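Participant: Below are the chains, spelled out letter by letter.
There are 2 protein chains.
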Amino acid sequence: MELTILGCYSATPRVNTSPTAQVLNIKNHLFLIDCGEGTQVQLRRYKVKFSRIKHVFISHLHGDHYFGLIGLISTFMLLGREAELHIYGPKGIKEIILLQLKLGKAWFNYPIIFHELESKESELIFEDEKVEVYTVPLKHRVYTNGFVFKEKPGDRKLNISEVVKAKIDVSYYQKLKQGFDVENEEGLIISNKEVTLDPNKPKSYAFCSDTAYYPECVPHLKGVTALYHESTFLNEHKHMCKSTRHSTAEHAAMIAKEANVGQLILGHYSTRYATLDKFKEEAEVIFKNVELAKDGKVFTF
Amino acid sequence: MELTILGCYSATPRVNTSPTAQVLNIKNHLFLIDCGEGTQVQLRRYKVKFSRIKHVFISHLHGDHYFGLIGLISTFMLLGREAELHIYGPKGIKEIILLQLKLGKAWFNYPIIFHELESKESELIFEDEKVEVYTVPLKHRVYTNGFVFKEKPGDRKLNISEVVKAKIDVSYYQKLKQGFDVENEEGLIISNKEVTLDPNKPKSYAFCSDTAYYPECVPHLKGVTALYHESTFLNEHKHMCKSTRHSTAEHAAMIAKEANVGQLILGHYSTRYATLDKFKEEAEVIFKNVELAKDGKVFTF
Numbered sequence: 000m001e002l003t004i005l006g007c008y009s010a011t012p013r014v015n016t017s018p019t020a021q022v023l024n025i026k027n028h029l030f031l032i033d034c035g036e037g038t039q040v041q042l043r044r045y046k047v048k049f050s051r052i053k054h055v056f057i058s059h060l061h062g063d064h065y066f067g068l069i070g071l072i073s074t075f076m077l078l079g080r081e082a083e084l085h086i087y088g089p090k091g092i093k094e095i096i097l098l099q100l101k102l103g104k105a106w107f108n109y110p111i112i113f114h115e116l117e118s119k120e121s122e123l124i125f126e127d128e129k130v131e132v133y134t135v136p137l138k139h140r141v142y143t144n145g146f147v148f149k150e151k152p153g154d155r156k157l158n159i160s161e162v163v164k165a166k167i168d169v170s171y172y173q174k175l176k177q178g179f180d181v182e183n184e185e186g187l188i189i190s191n192k193e194v195t196l197d198p199n200k201p202k203s204y205a206f207c208s209d210t211a212y213y214p215e216c217v218p219h220l221k222g223v224t225a226l227y228h229e230s231t232f233l234n235e236h237k238h239m240c241k242s243t244r245h246s247t248a249e250h251a252a253m254i255a256k257e258a259n260v261g262q263l264i265l266g267h268y269s270t271r272y273a274t275l276d277k278f279k280e281e282a283e284v285i286f287k288n289v290e291l292a293k294d295g296k297v298f299t300f
Numbered sequence: 000m001e002l003t004i005l006g007c008y009s010a011t012p013r014v015n016t017s018p019t020a021q022v023l024n025i026k027n028h029l030f031l032i033d034c035g036e037g038t039q040v041q042l043r044r045y046k047v048k049f050s051r052i053k054h055v056f057i058s059h060l061h062g063d064h065y066f067g068l069i070g071l072i073s074t075f076m077l078l079g080r081e082a083e084l085h086i087y088g089p090k091g092i093k094e095i096i097l098l099q100l101k102l103g104k105a106w107f108n109y110p111i112i113f114h115e116l117e118s119k120e121s122e123l124i125f126e127d128e129k130v131e132v133y134t135v136p137l138k139h140r141v142y143t144n145g146f147v148f149k150e151k152p153g154d155r156k157l158n159i160s161e162v163v164k165a166k167i168d169v170s171y172y173q174k175l176k177q178g179f180d181v182e183n184e185e186g187l188i189i190s191n192k193e194v195t196l197d198p199n200k201p202k203s204y205a206f207c208s209d210t211a212y213y214p215e216c217v218p219h220l221k222g223v224t225a226l227y228h229e230s231t232f233l234n235e236h237k238h239m240c241k242s243t244r245h246s247t248a249e250h251a252a253m254i255a256k257e258a259n260v261g262q263l264i265l266g267h268y269s270t271r272y273a274t275l276d277k278f279k280e281e282a283e284v285i286f287k288n289v290e291l292a293k294d295g296k297v298f299t300f
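These protein sequences, in sequence, are chains C and Z. The first sequence begins at 0 in numbering that gives the first Met the number 0 and counts up one residue at a time. The second sequence begins at 0 in numbering that gives the first Met the number 0 and counts up one residue at a time.
Among these hints, one or two may not hold up.
In this list, chains with the same sequence are indistinguishable; a pair is considered to hold if it fits within one copy or across any two.
Here are the simulated DSBU-like pairs of lysine-lysine, each with C-alpha atoms no more than 30 Å apart in a straight line [claimed, not checked]:
#: 1; residue 1: LYS138; residue 2: LYS101
#: 2; residue 1: LYS149; residue 2: LYS296
#: 3; residue 1: LYS200; residue 2: LYS53
#: 4; residue 1: LYS241; residue 2: LYS293
#: 5; residue 1: LYS138; residue 2: LYS104
#: 6; residue 1: LYS237; residue 2: LYS138
#: 7; residue 1: LYS237; residue 2: LYS101
#: 8; residue 1: LYS156; residue 2: LYS90
#: 9; residue 1: LYS104; residue 2: LYS241
#: 10; residue 1: LYS48; residue 2: LYS293
#: 11; residue 1: LYS46; residue 2: LYS293
#: 12; residue 1: LYS129; residue 2: LYS192
#: 13; residue 1: LYS104; residue 2: LYS293
#: 14; residue 1: LYS53; residue 2: LYS101
#: 15; residue 1: LYS26; residue 2: LYS176
#: 16; residue 1: LYS166; residue 2: LYS104
#: 17; residue 1: LYS200; residue 2: LYS296
#: 18; residue 1: LYS241; residue 2: LYS101
Keep in mind that the hints were calculated from the coordinates and are not lab data. As the structure is a prediction and not an experimental result, all values here were calculated from the model.
Bound conformation, chain C alone (with noise of 0.2 Å):
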């Protein structure tokens, strides 16, 4: 799993500053998260395919998380693009979208499926044989949804020598790895578990920015692999995030800690700080495994 930061800061795009869009490469999708104004130009500038998006899910319909969104749909239909494009977000996007290719008199080369969000509860939002996608209800001034990523559980692995030694013929190895025992060359059966070992166990990756400080949605993070978490503020301005419904990063720290996550991101920062130092410093008071997201950085899982 491989996620690339296009943009990691709060409100305004700035000269050297973008705002909220990443790119999750999972099991072969390529998923664009949130899109932020000029998100198609970091696109270019950290040499995303991204003729390879077919899934867009935006967490909620502030500018900085969307507006770039029409763009990148428009930049589509002028590359020719002819695969099907999947939307996920907040109910009004789909209004917002088809308002402007209208008035724009655009053609449609491509077909864009919306899938529009309402629900305050957590949700199946897509899923194929590899992957599975949940909204995470968050709390912030407009109705915004997280989202976790979940690789499903692979095939059991083949202790060869042990396959070998009990004489199982090659046309079942895929019976064994889908879990099943089988009968060897000898008519015995011989059980699963003795010739295979466990999967790798699965990776899932969880995304949660605009939110204030919300305990409640820690049972849909509960030990995934990476959690990105917004913390807009540091502590000194912890009296903004009533008002603004965002968090700090000890706040985020204390949603990894209780969630048990395996590694915290941080980001969407206020651009009001000139270094990012003290996020991290802050969030390791409380929680020891974390990072910074900064334009244009890879994660991999």
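Model the placement of chain Z on the given structure of chain C, informed by the hints.
Facilitator: Then chain Z, alone, in the frame of chain C:
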């Protein structure tokens, strides 16, 4: 009059080229003309004091000319703007902007006044003591206007040695500047033209993008100091003008020549061309005074 090019490329924004946006400094106004995605970053990059922008002119509702507007409006809100913002653009722009502000539950700390355009005739859309702005109907795939920004004629200039010789009291100077005949200290009527000089010739700037070759716009452009005219294509791609309703550099030069403008500025280049020199070369065959727009370039008339 000072024109700052923020972006002068067609279609999609890229790392080193921006879509259409420019700022015209005229008689203490800062007029923003078109507002492609990323315009607010370009305003910061080129250190334009963008809180001074009170009037935005949008030519048409293709994304490369207006997708940056909602972001700029939102940033003005975040920066605590209180001054009115006037937006002149095709019918539909109000619905697009208000829908996005509504769904983002944005608060209004400053008034936005929409002036929606739908006339197919040239019309006066802005006027104060010093400046007039007219639309220039163009020919494109959607309803599109160019704009002409005109200084009004200034006061007549005193020919001070003649004024003294004619024994005119200082209290009459303002009347003289306004063109009136006045009485001198001896009770004689002094003819205005004997003691004043013509005012400086008022300057004017015309913006024409996007458009097919459209000689019908020439009457509105007659004698302007500078004309920015789109030149999406070189002659080698002239065949693409018909379906896209764009112009070549040669087309732009033909309009400049027919309208007898002072200077032609080319822009809105297709991103297919690695260099721009040929645009100037092809235009100069028809019209002599040709300049190439470049992102960040400032023209002073």
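Participant: All hints, please: hold or fail.
Facilitator: Comparing the hints with the structure gives:
Taking the closest pair of Cα atoms, LYS138 and LYS101 come within 30 Å of each other only across two copies (19 Å); inside a single copy the shortest separation is 33 Å, beyond that limit. Proximity of LYS149 and LYS296 under a CA criterion of 30 Å is satisfied intra-copy only: 21 Å inside one chain copy versus 49 Å between copies. Taking the shortest Cα distances, LYS200 and LYS53 sit within 30 Å of each other inside one copy (26 Å), while across copies they are farther apart (57 Å). For the identical chains of this complex, LYS241 and LYS293 are intra-copy neighbours only, at 26 Å inside a copy versus 45 Å across copies, given an alpha-carbon limit of 30 Å.
Only between protomers do LYS138 and LYS104 lie at most 30 Å apart by alpha-carbon distance; the minimum there is 15 Å, versus 37 Å within a single protomer. Taking identical chains as interchangeable, the C-alpha atoms of LYS237 and LYS138 lie at most 30 Å apart only when both belong to the same chain, with a minimum of 16 Å there against 54 Å between chains. For the identical chains of this complex, LYS237 and LYS101 are inter-copy neighbours only, at 28 Å across copies versus 43 Å inside a copy, given an alpha-carbon limit of 30 Å. Taking identical chains as interchangeable, the C-alpha atoms of LYS156 and LYS90 are never at most 30 Å apart, the minima being 43 Å within one chain and 62 Å between chains.
Taking CA atoms no more than 30 Å apart as the test, LYS104 paired with LYS241 passes between copies only; the shortest distance there is 17 Å, against 43 Å inside one copy. For a Cα distance limit of 30 Å, the shortest separation of LYS48 from LYS293 qualifies both inside one copy, at 20 Å, and across copies, at 28 Å. Proximity of LYS46 to LYS293 under the C-alpha cut-off of 30 Å is found in both arrangements, the shortest distances being 16 Å within a copy and 24 Å between copies. Only within a single protomer do LYS129 and LYS192 lie at most 30 Å apart by alpha-carbon distance; the minimum there is 23 Å, versus 88 Å between protomers.
In this assembly of identical chains, LYS104 and LYS293 lie within 30 Å of each other by CA distance solely across copies; the values are 28 Å between and 37 Å within a copy. In this assembly of identical chains, LYS53 and LYS101 lie within 30 Å of each other by CA distance both inside one copy and across copies; the values are 22 Å within and 28 Å between. Taking CA atoms no more than 30 Å apart as the test, LYS26 paired with LYS176 passes inside one copy only; the shortest distance there is 19 Å, against 77 Å between copies. Taking the shortest alpha-carbon separations for LYS166 and LYS104, neither the intra-copy value of 67 Å nor the inter-copy value of 67 Å comes in at or below 30 Å.
Taking the closest pair of Cα atoms, LYS200 and LYS296 come within 30 Å of each other only inside a single copy of the chain (25 Å); across copies the shortest separation is 55 Å, beyond that limit. Taking the closest pair of Cα atoms, LYS241 and LYS101 come within 30 Å of each other only across two copies (22 Å); inside a single copy the shortest separation is 39 Å, beyond that limit.
When each numbered hint is compared with the structure, violations occur for hints 8, 16.
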